[in-house]
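K.L.:
Could you put together the complete structure from these sequences and hints?
There are 4 protein chains.
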Amino acid sequence: MITTHPFDDDKLREECGVFGVAGAVDAAAMVALGLHALQHRGQEAAGISSFDGRHFHNHKALGHVAGNFDSEDTMRQLKGDWAIGHVRYATTGETALRNVQPLYAELSSGGFAIAHNGNISNAMKLRHDLVRTGSIFQSTSDTETIIHLVATSRYRTLLDKFIDALKQVEGAYSLICLTDSGMIACRDPLGIRPLVMGRIGDAVIFASETVALDIVGAEFERSVEPGELIVVSGGEIRSHRPFAEKQSRPCIFEHVYFSRPDSIVDGSSVYSVRKAIGAQLAMENPVEADLVVPVPDSGTPAAIGYAQQSGLPFELGIIRSHYVGRTFIQPGDGVRHLGVKLKHNANKPLIAGKRLVLIDDSIVRGTTSLKIVQMMRDAGAAEVHMRIASPPTMHSCFYGVDTPERSKLLAAQKSIEEMRQFIQADSLSFLSIDGLYRALGEASRNDDRPRYCDACFTGDYPTTLTDLAERDQPNQLTLLAERVAG
Amino acid sequence: MITTHPFDDDKLREECGVFGVAGAVDAAAMVALGLHALQHRGQEAAGISSFDGRHFHNHKALGHVAGNFDSEDTMRQLKGDWAIGHVRYATTGETALRNVQPLYAELSSGGFAIAHNGNISNAMKLRHDLVRTGSIFQSTSDTETIIHLVATSRYRTLLDKFIDALKQVEGAYSLICLTDSGMIACRDPLGIRPLVMGRIGDAVIFASETVALDIVGAEFERSVEPGELIVVSGGEIRSHRPFAEKQSRPCIFEHVYFSRPDSIVDGSSVYSVRKAIGAQLAMENPVEADLVVPVPDSGTPAAIGYAQQSGLPFELGIIRSHYVGRTFIQPGDGVRHLGVKLKHNANKPLIAGKRLVLIDDSIVRGTTSLKIVQMMRDAGAAEVHMRIASPPTMHSCFYGVDTPERSKLLAAQKSIEEMRQFIQADSLSFLSIDGLYRALGEASRNDDRPRYCDACFTGDYPTTLTDLAERDQPNQLTLLAERVAG
Amino acid sequence: MITTHPFDDDKLREECGVFGVAGAVDAAAMVALGLHALQHRGQEAAGISSFDGRHFHNHKALGHVAGNFDSEDTMRQLKGDWAIGHVRYATTGETALRNVQPLYAELSSGGFAIAHNGNISNAMKLRHDLVRTGSIFQSTSDTETIIHLVATSRYRTLLDKFIDALKQVEGAYSLICLTDSGMIACRDPLGIRPLVMGRIGDAVIFASETVALDIVGAEFERSVEPGELIVVSGGEIRSHRPFAEKQSRPCIFEHVYFSRPDSIVDGSSVYSVRKAIGAQLAMENPVEADLVVPVPDSGTPAAIGYAQQSGLPFELGIIRSHYVGRTFIQPGDGVRHLGVKLKHNANKPLIAGKRLVLIDDSIVRGTTSLKIVQMMRDAGAAEVHMRIASPPTMHSCFYGVDTPERSKLLAAQKSIEEMRQFIQADSLSFLSIDGLYRALGEASRNDDRPRYCDACFTGDYPTTLTDLAERDQPNQLTLLAERVAG
Amino acid sequence: MITTHPFDDDKLREECGVFGVAGAVDAAAMVALGLHALQHRGQEAAGISSFDGRHFHNHKALGHVAGNFDSEDTMRQLKGDWAIGHVRYATTGETALRNVQPLYAELSSGGFAIAHNGNISNAMKLRHDLVRTGSIFQSTSDTETIIHLVATSRYRTLLDKFIDALKQVEGAYSLICLTDSGMIACRDPLGIRPLVMGRIGDAVIFASETVALDIVGAEFERSVEPGELIVVSGGEIRSHRPFAEKQSRPCIFEHVYFSRPDSIVDGSSVYSVRKAIGAQLAMENPVEADLVVPVPDSGTPAAIGYAQQSGLPFELGIIRSHYVGRTFIQPGDGVRHLGVKLKHNANKPLIAGKRLVLIDDSIVRGTTSLKIVQMMRDAGAAEVHMRIASPPTMHSCFYGVDTPERSKLLAAQKSIEEMRQFIQADSLSFLSIDGLYRALGEASRNDDRPRYCDACFTGDYPTTLTDLAERDQPNQLTLLAERVAG
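Taken in sequence, the protein lines are chains A, B, C and D. The opening position of the first sequence corresponds to residue 1 in the working numbering, with each subsequent residue numbered one higher. The opening position of the second sequence corresponds to residue 1001 in the working numbering, with each subsequent residue numbered one higher. The opening position of the third sequence corresponds to residue 2001 in the working numbering, with each subsequent residue numbered one higher. The opening position of the fourth sequence corresponds to residue 3001 in the working numbering, with each subsequent residue numbered one higher.
Errors might be hidden in some of the hints.
[Stated by the list, open to error] Cβ-Cβ distance ranges computed for the label pairs, FRET-style:
(1) A3352(D) to A2443(C): 25 to 35 Å
(2) R199(A) to L1468(B): 53 to 63 Å
(3) G2459(C) to A3352(D): 30 to 40 Å
(4) P404(A) to G1353(B): 41 to 51 Å
(5) P3242(D) to K1246(B): 54 to 64 Å
(6) D73(A) to D2402(C): 21 to 31 Å
(7) A1244(B) to D73(A): 51 to 61 Å
[Unchecked claim] In silico negatives: residues of chain B with every beta carbon more than 12 Å from chain A:
(8) L1166
(9) E1284
(10) S1432
Hints are computed from structural coordinates only; laboratory data are not their basis. Positions of the beta carbon are idealized from the N, C-alpha and C atoms, including for glycine.
P.N.:
Pasting the structure below:
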């Protein structure tokens, strides 16, 4: 099983990316490319479902898109002009294949495939009720709940059944569904997770990020709006608004780390926002130093912004390996900080004797920051000043991002000065929450009506969290949760 | 079979990296780490041989070091305190495993393993003579010639046999050999390929580059000198000089592209040299523009140097994917320039309407340059000025670098203006050969006694090329070459 | 994928074997052994489900039991004292894994695993109705119908739900189910497929055949009766009779070919019955000849019976290979009858010049018989008299046996004389239907109340065949069948 | 690696089979078939070398012929009208692939591939001398010695070099060699291992046994004579006799167990000889009993002979499984004699209360015999009389058969009465050595000039055993043997 992934283990991890093609020759091949461009959103499993006018075809695999969806044999099976795909983080082990999306079911209306980015925060409660009336679940995925709600809905048309289902779920969802009469894309009322729409020729494309449009040569048209449901069918595109209007709250962390720098998210260039974040950081937290050094690659745009704002030279003080392996046998005590060295190496001749400003996007557990600071000192750095391109990450995410428990979040446990001592830097500063909103073009955070979901920084969750609430009082639901997790 | 490799197909490719550990617990585990750090020197196969005081242990595999040398099972077999390893490019296909190094033989003196970076330019001629007297070759590798010369030498001691063998070969070689009485490292009289020596505790380390010392925590001691042969045995290190003294000619392309920027090669920081190259390039070939954009990652240090010298801002106009797959099914004509898009994407919002200076390290066939220029134009660049951080690559290498035939080298076929038209840039300039020597600290190239092997730029080959000469007149040797290649 | 199977492709194939262990240490390991002994009943896939008092564990694989259920890793996962297993023929291809049994579902009552030998002849009709009310099927297996009927039953206890489900299904079923409160075994009212019960210590064992009891060292206790449902739970064994009493009709072909000769089926030793069949055949169809030669191995017991009755010597005129591979590249026209030669070879020195009586158990398509007769003639046989140890196979089976369509059944298309010409034998005779009943201890077939299901010989099907009937008039069910098959 | 092999672990094992095709379209495909028919002679590895007039092609694999040589991809590579192949027992582990034959070398005369059945009894001594003068061995196989002797011979033609090599080796060898000018087959002067010659059209075939001729449809022409060397080249077949004439001594155990019953070995039908052995056994060792039961499958022909001679009925009292797996997890103490039960099951209803004569071909360690006798008693047998179709196996073989050390041979350690007690039979008898010669058509063994090599029964070895002699006095050769074995 491939599990090389270059991103640091000590990061928050986006849990999914979705991509759909409505009405293009070799749709599945385009989906494979789109998923490849979204690979950073989920590196442990991938799947594609296609529809050829008569039959659905599905292929799922643990591992990367490249290697699983690049053989002619595989792609030839995924026939048809309509296809959707999904990349995700999955628990390891073979049996987890059943959780890999798109999930597919034969409903009375015909085939139905669904790809989901986000997390349903009342999935356990709904599942419990559905099993009691005879529904049989195939997976432990929250997404399957939506399918059973559709299957057992008393409404007549598939669209009505689907809307009926969505009205019962709570949380974050950007969905792309494939049926035998068309494609449905929709985004939850708060628009927590991103979803964009593009065009290539007559075909309509949906994707988590615009980079996935770029790779297939599609034009970016617009974001799917929070609460919008778009149906592509019979040569027409119709937009529906089945939910009551609300102030939207897209995820702010997409701009900080999740999305690729070459994407446009909810109207902003991610690269430009990150450079602006770096510039804000330089204004808020200046330091006398010789070099600005990014922790590659996620800290690089902010470091360029910091360097331009501060006038200090931008230099590659840390060189990143292109070949990453997670586990090597460690030969005794002779080798220190091995984990981090497999990915990064200090550029010694550059660093020796210099005062460095290290720029990283965020601190989660802090273990990697500690190792990188030590690596800089081992290479002879005179001073190491750490600057973080976001506020302290203090709260867990329940909307489709893999966060450690609060007890593992360094910022939830320690003051900034304690954090500095922990990572052994000469100084440590974070961007302020208002600074972050400023980099995004706001004057500051409007605490009454914040424009983004920033719960990981503020603890201000924009939805109720049913399952979480019920988990705290031991009952049948808890037992179910345990069984499902088992 | 793994074949992901992030480096561009349109580059010259170093053909090997070598690493050896003399006298450390878990020597093979250290070798695996060292090879991982040298992975960029050879990505298609890897091997390790170890010696535990009684037995030799060998493991070879096609593919990367990570994935083949990180399981406990594999590493447990590679017992002993002495080990050497090798990474290489190999022709694909299962049978090629016999060509993967270290090569191993049971000689009358005992076991003998050899790892070679370089190329023997009279290997065919020697092989022909050896087969005639009864030697049986196991591989089609030029390196095996050395083993048979040792096995059949009339000298008495292994060291004398080994020197006897080396005196008959011609070309480039940095060698690390493991015997049951110690380790031998040596570098050909011209020192064409690099080789360094380090220490960790009591152990001696040999490696192609210093980054491999860094990863195991070893101290860099010095380069192995051209023409030097070092024997580590019985707790002693002895240096021998079996060859007549000559002006050394280390490979200049190590500084341009092959070596990692965080390595120190023959006394110089590669990163600093590349920045100096970028600065030279800015002085020799200035241009009015808005942004300096590196072709990632090999063009990045030169682009930083260019930006600092010219005062233009350094920006990430091309974003590189961390997930690389060689082949995807291409969906029709809708998708243009797919190959390059799997690896790179234009940062559109940054580039649109801007005049760019694109910095790349070299141009080989020119096919990638063409695609990148087009990608910049598709993203809306106003002007694209290509600056190359080395002189035009006009000649093949016969010293262990995989170069296309001259007919495929763009610079061997076209003038610079014709090259510009081919890649469709607004302007194109190369660094001068003297500029390159200046970046390396010389006043200019001394044509009578050049300090480097720069044959790829100048055609000035520092050794005779026996096999090449004989290949031009059809005879038995030609037939042999054909059979061996088959 | 392993596909070696020594049984002739030109045979009817039993589609399943089942095995269950209630209350023994390492239950899954016993199930693996039991399934190995039942491997002849289904060679293309196998699965085991176990229950450890808290959790269910499942493992399924394409291929043989040996190779898939003999590793410590696999077996360690299948924890618990309760386990059931299944072997089956499956359509090839990876996706078919979802059809491999035991099927498992989380019902509101808890986990439920089911292993089924037989075929539900109204499964399509039931499936259609279930999907309409919101049930989502995971497989294309008829067995899954039973699970959904249980899940959606309005009865309160699991046992009542299960009986409610069985009363709606029609056809052949020997079932073993594992729940978190015990094991349920049952056999359809006609007892078409076999099922036996054994004991080892305090544990109860259920199995398709007694040979599976032998391999684990269990004592054979009795057959599960037609229409009987046995529940093992809480240290007790209870027998239920939920169905109206009927004359039972166990499958007669189990005695002719399916069951192993060392099994006891519904009270009779299969080996003895086959010898008696051979003796009957010799009485009904004597011939002047030199040798009695079995077509190995299925014709051997009948050949011994024929030889003993006729006084002719029993000799191995055909030697069977122990190493079977399905496909070899066929080298031109030089090699005749290759398919059959991979499995059998004529014992030339024995056969040359002799008059042979060849004994085989049945003729399906006749293609193998033709090749064997020719092989005998090529080896120099003077005369070849074919004697078949059952009546002509003229009708398809709908009760869990893989039969070709009638148009492919030689006996459905040709008279006996035409069949003789087709296989090019000097004479051909079949056992009479009454002779077959006589070998089973009856005076003759009682046409009003036949003791066995002998539909393959007589066309007298003991149940209605709902799906078959509906398939003949194009409607929604047909479309469903097509979609499911796709 | 799958290595299911139905033959009992408690048997002597022939170590090789060879097959060659000279001058037929798709030669390699014919070799694959021939090797499949010889699979019983070596089940752990197989290889084929072919020659297409210009190039040699080789493919080797661990495992059976079926599965490794039945894919179109593999076979398409093995181009040419000339091909040889080999099946063998190999020590497990990946590296052992280098020992899999045919061995191939590029000599000065061109390509040379060799397949060997037998064992060179002075291989160590020769190897030692060759390494001292510079030969490098690729494998630990005794066969490679022959290649190096050919490569370093001072004779001029390849044929003279080959004969020069053979005159230096001692022991047993049936060889088939492929060169770029033809095929050479030869058999050692004593003819210890078998080798036959056949024809199909214009092509010449060589094979270890005639069954391999049958499978490709070739006509058996004659045995290659002991000491004969046949060259097929340029449309001609020439027989050479390079050795001094000697009384031949072919292996007698080929008739007892190694060869397939449908083969003709040195002029005799193996099946007929085994039946004659059974008849001799009945005459020498009669017993009052109810049934004659073969230990399948190797005891079957002798059991038929015993039954016919004694008048007792031949019955299948032991049923053999067609599905064999080597290792199953053993569930506690509940399961007795599991190893043997995976392969055999008692036919209880037949055996209960009966007096049995069990017929087996030989006893090696006796462990299986013990388990089978106990299985018969557990099934209710009244008496168990064991009759062995050969004399006691008391000595190791050094001519290409895998025998345990003498200390493991039951007959080398115990008297017949002690053996009876060990296997717990009611009586035990062996065929006499004279009885064995009588079954082969001799009056008795001529002790002065025995017609067969019967060293395993008599200890009368027909050649000197150089390596064995030297192994007893510690010296350099011993060290070499140790290193090679490591």
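K.L.:
Would you mind marking each hint as holding or not holding in the structure?
P.N.:
Verification of the supplied hints:
For the hinted restraint 25 to 35 Å between A3352(D) and A2443(C), the CB-CB distance of approximately 27 Å keeps it satisfied. Checked against the given bound of 53 to 63 Å, the beta carbons of R199(A) and L1468(B), roughly 55 Å apart, stay inside it. Under the hint 30 to 40 Å, the C-beta atoms of G2459(C) and A3352(D), about 39 Å apart, fit the expected range. A hinted range of 41 to 51 Å for the beta carbons of P404(A) and G1353(B) is consistent with their spacing of about 43 Å.
Distance hint check for P3242(D) and K1246(B): the Cβ-Cβ separation is about 55 Å, which falls inside the suggested range of 54 to 64 Å. Checked against the hint of 21 to 31 Å, the pair D73(A) and D2402(C) passes, with Cβ atoms roughly 27 Å apart. In this structure the supplied range 51 to 61 Å holds for A1244(B) paired with D73(A), their Cβ-Cβ distance being about 59 Å. At roughly 31 Å, the least C-beta separation between L1166(B) and chain A is larger than 12 Å, which holds for a residue marked as non-interface.
Distance check for E1284(B) against chain A: the nearest CB is about 22 Å away, which clears 12 Å, and the non-interface claim stands. No beta-carbon of chain A comes within 12 Å of the beta-carbon of S1432(B); the shortest separation is about 25 Å.
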